[in-house]
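Chain order of the listed sequences is A and B. For the first sequence, the working numbering begins at -6 and goes up steadily by one. For the second sequence, the working numbering begins at -6 and goes up steadily by one.
Hint data in this document are derived by calculation from the structure and do not stem from the laboratory. Careful: at least some of the hints might be erroneous.
One copy or two, either will do: identical chains are not told apart, so a pair holds if it fits within one copy or between any two.
[To be verified] With a straight-line Cα cutoff of 30 Å, these simulated DSS-like cross-link-like pairs (lysine-lysine) come out:
#1 Lys71 / Lys10
#2 Lys11 / Lys69
#3 Lys54 / Lys18
#4 Lys54 / Lys69
#5 Lys71 / Lys15
Here are the chains, one letter per residue:
Protein chains: 2
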Amino acid sequence: MLVLITYDVNTETALGKKRLRKVAKLCVNYGQRVQNSVFECVLDAAKCREVKHKLEQIIDKDKDSLRFYYLGNNYKNKVDHIGAKQSFDVEGTLIV
Amino acid sequence: MLVLITYDVNTETALGKKRLRKVAKLCVNYGQRVQNSVFECVLDAAKCREVKHKLEQIIDKDKDSLRFYYLGNNYKNKVDHIGAKQSFDVEGTLIV
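Same shape as in the complex, but just chain A:
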């Protein structure tokens, strides 16, 4: 199924910036980065539990936010895109 992972990590501190890098580095192992803080991941239920569990270990639950959207197996017509298609490296820098 397609799982959309979106996150807001509070980067006011150096620790926050570190958490942000860790979140991005982890997500890249599970799917495709489509925007700076948005990953599309095709996962089975076990992998989905795994990534959620790992992300929970990284974030500060008082400061950071993770959301998961389950788009099922027939997701081709459930996504629209307008504008620039960007490729990101794991650090969040735009690859031109």
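Since the structure of chain A is provided, determine the placement of chain B on it from the hints.
Leaving out everything else, chain B in the frame of chain A:
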């Protein structure tokens, strides 16, 4: 239906920052901001076309990215949240 709107606006220039503010200000009229660049909007097909059209007028399609995810009418079990729940004002500043 629930429509998830996610965006990346390139804010390297003052014009970019202005576009970002405009995108956020528009989206707030259609739904609930759940993360900095993520809105959840309950829309019928006409309203969905309307917000897409208006957003297309605001963004720079060479620099900015918009994505729309259609989660249907039975969306209650399709969303999970972990961590901080934040409220934002239209300018993107965290409201404490």
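Here is what the structure says about each hint:
Taking identical chains as interchangeable, the C-alpha atoms of Lys71 and Lys10 lie at most 30 Å apart only when they sit on different chains, with a minimum of 29 Å there against 32 Å within one chain. With identical chains, the CA atoms of Lys11 and Lys69 are never at most 30 Å apart, being 34 Å at best within one copy and 32 Å at best between copies. For the homomeric pair Lys54 and Lys18, the shortest alpha-carbon distances inside one copy (18 Å) and between copies (27 Å) are both at most 30 Å. In the homo-oligomer, the alpha carbons of Lys54 and Lys69 lie at most 30 Å apart only across protomers (22 Å), although the nearest pairing inside one protomer, at 32 Å, exceeds that limit.
In this homomeric assembly, Lys71 and Lys15 come within 30 Å of each other (Cα to Cα) both inside a single copy, at 29 Å, and across copies, at 25 Å.
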